[in-house]
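Participant: Just so you know, the sequences run in chain order H and F. The working numbering numbers the first residue of the first sequence as 1 and each following residue consecutively. The working numbering numbers the first residue of the second sequence as 1001 and each following residue consecutively.
Honestly, I wouldn't trust all of these hints.
Unchecked claim - Residues on chain H that point at chain F, a partial pick, calculated with CB under 10 angstroms: (1) LYS36; (2) GLN46; (3) ALA100; (4) HIS155.
Simulated from the structure, these hints should not be mistaken for laboratory data. All residues carry an ideal CB built from backbone N, CA and C; glycine is no exception.
One-letter residues, chain by chain:
Protein chains: 2
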Amino acid sequence: MSDAPREIDALIEMMARLPGLGPRSARRAVLYLIQKRSVLMAPLAQAMADVARTVRECANCGNIGTSDLCAICSSEKRATGEICVVEDVADLWAMERAGAFRGRYHVLGGTLSALDAVGPEELRIPRLIVRIAEENVTEVILALNATVDGQTTAHYIAEALEGTGVRITSLAQGVPIGGELDYLDDGTIGAALKARKSF
Amino acid sequence: MSDAPREIDALIEMMARLPGLGPRSARRAVLYLIQKRSVLMAPLAQAMADVARTVRECANCGNIGTSDLCAICSSEKRATGEICVVEDVADLWAMERAGAFRGRYHVLGGTLSALDAVGPEELRIPRLIVRIAEENVTEVILALNATVDGQTTAHYIAEALEGTGVRITSLAQGVPIGGELDYLDDGTIGAALKARKSF
Ligand SMILES: [Zn+2]
Ligand SMILES: [Zn+2]
Chain H
1 MSDAPREIDA LIEMMARLPG LGPRSARRAV LYLIQKRSVL MAPLAQAMAD VARTVRECAN
61 CGNIGTSDLC AICSSEKRAT GEICVVEDVA DLWAMERAGA FRGRYHVLGG TLSALDAVGP
121 EELRIPRLIV RIAEENVTEV ILALNATVDG QTTAHYIAEA LEGTGVRITS LAQGVPIGGE
181 LDYLDDGTIG AALKARKSF
Chain F
1001 MSDAPREIDA LIEMMARLPG LGPRSARRAV LYLIQKRSVL MAPLAQAMAD VARTVRECAN
1061 CGNIGTSDLC AICSSEKRAT GEICVVEDVA DLWAMERAGA FRGRYHVLGG TLSALDAVGP
1121 EELRIPRLIV RIAEENVTEV ILALNATVDG QTTAHYIAEA LEGTGVRITS LAQGVPIGGE
1181 LDYLDDGTIG AALKARKSF
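I would like the entire structure built from these sequences, with the hints used as guidance.
Facilitator: Structure, rendered in C-alpha cells:
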C-alpha cells in the first residue's frame, strides 16, 4: 500500500514482484515512470505488451525468440556440430556476449532437483539426445553453473550421453567455485571456453 | 545488448532506465517477465498503459491522482486547516503510511536550486500562498528532507509566508541529519510529527 490511487497501487504491487525490486524501489520506479509518462511509461507499456504477445520458446533448444525456431537454430552458420548446454537464457546471453562460441545451444531451463521434482523431462534432456543425431553433433559443452545442482545435472547429462560417441566437455579454467555464468565478465567466459577439458 | 531478439533488447534498454535497475537486473527482470508472460507481463503492460493514460497532477496540491483534484484535496474531512509541505509524492505516501497526519498536502516537486535553475514558481510556492487564504489554513508544517537543499527551501517558504499570520512548524525529533523521509519507518515519522516545533 502506498495510499496512491488504486490503479497506481496495483502497478506498484506488480512491479514489486520483479526480481531485484522490493516495495520501496517499486514505488520509486513507478513515480519515475509517472514523471516520464509520455517519453518512457507509455512506450515501455507498449514494448512489454508486444513482447508478451510475440515471444515464444524455441521448439528445438529452449532459447527465446519470436518464431518457432530461434535465430541461432535457424542459422546454418551455427550448425558447427557443437552444442553448448546452459541452465537458462541469461546464461546463453552471457555466452553470446562473450562472443567465443559459434555453435548452437541447449537451454535446460533449470537444474535437476529432487526437492522441486525437476526431472530430465522438464529439462529437455530427451530432446538433447534427439538433437545429437539430427544435427550431426560431435561435441556437447556442458556450460552449467559451478554450483552443486549445476554439477549434479552435468554428471547426469554426461551419463545420459554415454554411448552416443559424442565428445563431452565442460567449461574449465576461470569459473570460480559457486560462480554463476551471468555474473562473470566476458573475458573470463572466453578463457574458460578455450581451456575446456574432457568431462 | 543481450543478443536477444530486437523487441526484447528494446524492452531491456527501457527497463534499465528505471531507478535501481541496471543493465543486468533489467535483463533478469525481463527474463522473469517472459517466464510469466500471461500471469504477470501482459497484466503489468496493461496496468502501465492505464496509469500512463489516466494519471495526472492535482491542480491544487501537486499530488498524483486520476482526476483534476486528488483524493485528499477532494475530501472535506481533510480540510483541517493544516497543510503539510513535502518535496515529492514519495514523501506524501510516506506521511500517509505513517497515518499520523489528517490534513492536506502541498507537493513542491523538488527543492530550490540555483544550480538547476529551480525557483519558487517551479515549486508551486505562489499556489501555496493562495491556498492559505482559500482553505482557511492555520498551520503549515514544513516536512522537507533534512538536507541542505530541503532546509534552504524550508527557510525560503517560512519567509514567504511571513505576514500571513499562519503558524509555521517543521518536523522535529526523529528525523536524522541528512535523512530522507521516504527511508524512515512509520513510527519515526509519527513521533517527529507529534513533537513538531515552531519554525
Ligand atoms: Zn533454438
Ligand atoms: Zn491535491
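Participant: It remains to establish, for every hint, whether it holds in the given structure.
Facilitator: Hint check:
no.	hint	verdict
1	LYS36	holds, 8 angstroms
2	GLN46	holds, 7 angstroms
3	ALA100	violated, 13 angstroms
4	HIS155	violated, 26 angstroms
Hint compliance for this structure: hints 3, 4 are not met, and every other hint is.
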